[in-house]
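Participant: Put the two chains together into one complex, using the hints given.
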Amino acid sequence: MMQILATAASTHLLSIFEFFGGTFILFKKSISECLHRPFYLSLINEQIYHIGVRSLPLIIITLSAIGMVMTMQFGLGLQKFGGTLYVPRIVSVSIVRELGPVFTGLMIAGRVGAGIASEIGSMAVTQQIDAIRALGTSPIKRIVVPRIIGTCIALPLLTLFANIVGLLGGIIIGKSDLNLAPSFYYNKIFETVTLMDFSTGLFKSFVFALVISISGCYYGLRVKGGTREVGAATTQTVVMASILILVSDFFLTKIFFIWEKWN
Amino acid sequence: MELIRINNLCKSFDKKNVHKGVSFSVIKGECLGLLGGSGTGKSLILRSMIGLEKIDSGEIRIAGTDITKFNERELLSVRQKVAYAFQGGALFDSMTVFDNLAYPLREHTKLTETDIYQKVLKTLSDFDLKGNEYLLPASLSGGMQKRVGLARAIILEPDIILYDEPTAGLDPYNTKVIQDTILRLKATGVTSILVTHDMPSALAVCDRIMMLMNGKIVATATPAEVREQPAGVIKNFMMGFHQKRQKGRD
Numbered sequence: 001m002m003q004i005l006a007t008a009a010s011t012h013l014l015s016i017f018e019f020f021g022g023t024f025i026l027f028k029k030s031i032s033e034c035l036h037r038p039f040y041l042s043l044i045n046e047q048i049y050h051i052g053v054r055s056l057p058l059i060i061i062t063l064s065a066i067g068m069v070m071t072m073q074f075g076l077g078l079q080k081f082g083g084t085l086y087v088p089r090i091v092s093v094s095i096v097r098e099l100g101p102v103f104t105g106l107m108i109a110g111r112v113g114a115g116i117a118s119e120i121g122s123m124a125v126t127q128q129i130d131a132i133r134a135l136g137t138s139p140i141k142r143i144v145v146p147r148i149i150g151t152c153i154a155l156p157l158l159t160l161f162a163n164i165v166g167l168l169g170g171i172i173i174g175k176s177d178l179n180l181a182p183s184f185y186y187n188k189i190f191e192t193v194t195l196m197d198f199s200t201g202l203f204k205s206f207v208f209a210l211v212i213s214i215s216g217c218y219y220g221l222r223v224k225g226g227t228r229e230v231g232a233a234t235t236q237t238v239v240m241a242s243i244l245i246l247v248s249d250f251f252l253t254k255i256f257f258i259w260e261k262w263n
Numbered sequence: 001m002e003l004i005r006i007n008n009l010c011k012s013f014d015k016k017n018v019h020k021g022v023s024f025s026v027i028k029g030e031c032l033g034l035l036g037g038s039g040t041g042k043s044l045i046l047r048s049m050i051g052l053e054k055i056d057s058g059e060i061r062i063a064g065t066d067i068t069k070f071n072e073r074e075l076l077s078v079r080q081k082v083a084y085a086f087q088g089g090a091l092f093d094s095m096t097v098f099d100n101l102a103y104p105l106r107e108h109t110k111l112t113e114t115d116i117y118q119k120v121l122k123t124l125s126d127f128d129l130k131g132n133e134y135l136l137p138a139s140l141s142g143g144m145q146k147r148v149g150l151a152r153a154i155i156l157e158p159d160i161i162l163y164d165e166p167t168a169g170l171d172p173y174n175t176k177v178i179q180d181t182i183l184r185l186k187a188t189g190v191t192s193i194l195v196t197h198d199m200p201s202a203l204a205v206c207d208r209i210m211m212l213m214n215g216k217i218v219a220t221a222t223p224a225e226v227r228e229q230p231a232g233v234i235k236n237f238m239m240g241f242h243q244k245r246q247k248g249r250d
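Note that the protein sequences, when read in sequence, are chains L and D. Numbering follows the working numbering, in which position 226 of the first sequence is assigned residue number 226; successive positions increment by one, without gaps. Numbering follows the working numbering, in which position 7 of the second sequence is assigned residue number 7; successive positions increment by one, without gaps.
It is possible that part of the hints are untrue.
As the list claims (entries may be wrong) - In silico DSS-like cross-links for lysine-lysine, where the CA-CA straight-line distance does not exceed 30 Å:
1. LYS28/L to LYS81/D
2. LYS81/D to LYS15/D
3. LYS224/L to LYS69/D
4. LYS224/L to LYS15/D
5. LYS69/D to LYS28/L
6. LYS54/D to LYS81/D
7. LYS29/L to LYS69/D
8. LYS54/D to LYS224/L
9. LYS29/L to LYS81/D
10. LYS130/D to LYS110/D
11. LYS28/D to LYS81/D
As the list claims (entries may be wrong) - Computed spacing ranges between beta-carbons, pair by pair:
12. VAL247/L to LYS216/D: 47 to 55 Å
13. ALA9/L to PRO172/D: 53 to 61 Å
14. GLU228/D to THR7/L: 53 to 61 Å
15. LEU13/L to GLY189/D: 54 to 62 Å
16. CYS10/D to SER199/L: 50 to 58 Å
17. PHE17/L to PRO230/D: 54 to 62 Å
18. CYS10/D to SER15/L: 42 to 50 Å
In short, the hints are calculated from the structure, not lab data. Where is the CB? At the ideal position from N, CA and C, for every residue including glycine.
Next up, chain D with everything else stripped away, as it sits in the complex (with noise of 0.2 Å):
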């Protein structure tokens, strides 16, 4: 079942044109991988499949429902159902990391504080980021706070997760547990789109991976034809090839 489909999706900023007609779909359950260079506009499509920024034109069904003409408070609901895990995690800084998991469920349910304070020690733990719940977003490493951002984006479990390059900048210990997260996450039937630059990440979680580049989407493939195509815009993307010279290859 199609849970998420992008149609021609078009936005530009200035004289820029980002996206120039980005079309695809997501199944129910799958995790998606998507690839591109630096500024091809990756996370812009997250964000737009949140609303937080908006299309020049296309459509972006989510459930059969197209988000592009919902207003701010209609988004609302969206978005409860729509997670994003931020790359630098955007954590409410004058919070405390249990205030920051808190929030969106004093937000969006009706558990009593010693229930909510139950379900973020929990989650904490799945995180291995149990005992530091007091602690405020400054005082942690980088590591733990982009594991405290997903935290706080998975603790209403949303039908979609959004990843936003979740492992840039990351130890391997650190890589290890979000791998190991959006593996729980998509073993639990969640849906998922991995924006990243980290291809074994992408390659150890992903069901397909798409490459983004001029503003289109140029090629898909499973991470088994990645690893076994001899060449391609995915693996050469893979292998650190100039994209330029990509096009030639292809």
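Just chain L, same shape as in the assembly (with noise of 0.2 Å):
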């Protein structure tokens, strides 16, 4: 019993290794075919299309619901205290910093991360990666690179765009259902969340945008059999994509906290 466990652990810990290797790899190639000719913009352009204004009505549905949620919450917890008139301060920070960049990262990881990981997956079941490698070209520059641009641009937007519509639902349940007036909540908002409040929650969204892009493009890239393994590679992404997403958010906010001390 013992030496199955130490197995599977051992199993898992070289999987966990290999992923980080695998992408680290990944990245860095990436990196190096973006420095060199051809510049395919349009297929840029396109993923942009696809991760950004595709995901819109998701990002709406979820982060709406996320402010007025946390409006509400807030609002019935602060009201025994007499702290209403502080909801619209505490909501507007909790989503700017934290709520508009994780929220919209873990619902672009279950959207484009399990797309790009099934996407790239079939494509290697296909045989079309390498038709690209056989006609000259390199899948890393036509396949990965533009996704990995494509998210690193699209999320960082998603989340300005999440931020500002969490706002506007706390600004509703403000108003319909905690009495404060959508000016008094429009104003603490301005008074409260501040440049680098904005600027912290956009960094973590570029963060977890390359996250989400290498590890669907490293699973997808790794597949070899049939469409099983196209089925595994997209489960893996969104469980490794979401992981990475709350744990790193854990860390950026740490390092955020203390260079915010320092200055």
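Facilitator: Put into structure tokens, the structure is as follows:
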């Protein structure tokens, strides 16, 4: 029994090392490919549209719901202590610094990360990746780089949009459930949220974009067998990207707090 | 003039030795047929020749240069001169037939879109595919997909073409179109290696036929010799005898 557990643990540990080593190599190769011609700007535009524009409905629904729920929860909680007036401050900072980037990241990991892994995995199964190589072109340049750049541009923009939608959701519930005037809510947001809050949120989303796109490409390119492996790659991407988003969020928050203290 | 030379190629997967020292050469303008049972590593030789698979040891010389030491970037230039026609076509399913054929031209030539349009249409017409240029690969039959794949492989007019079972699973018409294409390209001086199980095609288009068995080349013959031989490794394979029995006979 102990031996089975030890074997399973070592296999998992090995796969984690393999993941970090593999994604590092993929990232390094992608950087090196970025520096050489040709530059596929149309492919990058396509990815920005696919990742950014087509994810908007999902982000609007998710973040408006989060903004509303947060306002409701804090409103009800603080009402007992007569602290309803603090709701706009708490909600706005929470959304801009944490909930906006993290929830957008998680949603995009589910929608886009899975999509990247399954698309590249299917291309690998049907020998399209081999065909790209056989035709004298680089799959990293054609497939991986546009997805990484596309996600790194689209996700911070989506986060910016998500923050606005989340705050609007808060304003709506503030008015309807907590009797807070929209102008009061609005003014409190601008009094509380600093440029630093916005920047840390956007920086986080940039890191999450790297995590999502590189994980998706890595697991997609690793597909060797049939359609079953495509499904497994999709699941692994979503799980790994989600875990890494949450773990990296903790460390990034810690780093930003230390940095803010120093300044 | 020797254009391709493979020396002592060895390749194994886990504990299975697929190639145990494969050696052969192909002269310029020659069409070499590579036969062998399923799983003997015929396609693997072709994939190794353009660096899609890394070999364990040995040499693969294309025009005198050993490509086994090349990195991925150096291999890109080799792949522009050595075309690989995939067994299933390996078409880009998100692109139309036209874009699939235009892909290598857009990547590796400075042709204008008008020139690319004309070249693609001409190639499609050579393969009897005109009128299908704006279809997606999913709406083509298997035979048409193979022809598009072959058309895409040769559109850059490569010096060497590697055909991976180009006629497998095709009807007689499509088989004939592909045989004619191989012969037409051969007549222009293109060097080629044809991996196939289709003996009539091999006998029709190849200058030399080789048999791969147990990880090594075990026999070589011209189509005329194969036709005249009463028995032998290649003849037996052609007649459908089991490989173990072949061993006993030879």
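Participant: If a hint holds in the structure, say so; if it doesn't, say that too.
Facilitator: Structure-based check of all given hints:
1. LYS28/L to LYS81/D: holds, 28 Å
2. LYS81/D to LYS15/D: violated, 34 Å
3. LYS224/L to LYS69/D: holds, 24 Å
4. LYS224/L to LYS15/D: Satisfied, since the Cα-Cα distance of roughly 18 Å is no more than 30 Å.
5. LYS69/D to LYS28/L: holds, 21 Å
6. LYS54/D to LYS81/D: Since the Cα atoms of LYS54/D and LYS81/D sit roughly 19 Å apart, the hinted pair holds (cutoff 30 Å).
7. LYS29/L to LYS69/D: With a Cα-Cα distance of about 19 Å, the restraint between LYS29/L and LYS69/D holds, given a limit of 30 Å.
8. LYS54/D to LYS224/L: holds, 15 Å
9. LYS29/L to LYS81/D: holds, 24 Å
10. LYS130/D to LYS110/D: holds, 24 Å
11. LYS28/D to LYS81/D: holds, 13 Å
12. VAL247/L to LYS216/D: 47 to 55 Å: Roughly 52 Å apart at Cβ, these two residues keep to the hinted range, so it holds.
13. ALA9/L to PRO172/D: 53 to 61 Å: holds, 58 Å
14. GLU228/D to THR7/L: 53 to 61 Å: Once the Cβ atoms are compared, 60 Å apart, the range 53 to 61 Å for THR7/L and GLU228/D holds.
15. LEU13/L to GLY189/D: 54 to 62 Å: Since LEU13/L and GLY189/D have Cβ atoms about 56 Å apart, the given range 54 to 62 Å holds.
16. CYS10/D to SER199/L: 50 to 58 Å: holds, 56 Å
17. PHE17/L to PRO230/D: 54 to 62 Å: holds, 60 Å
18. CYS10/D to SER15/L: 42 to 50 Å: violated, 29 Å
Consistency with the previously given hints fails for numbers 2 and 18, ordered from lowest to highest.
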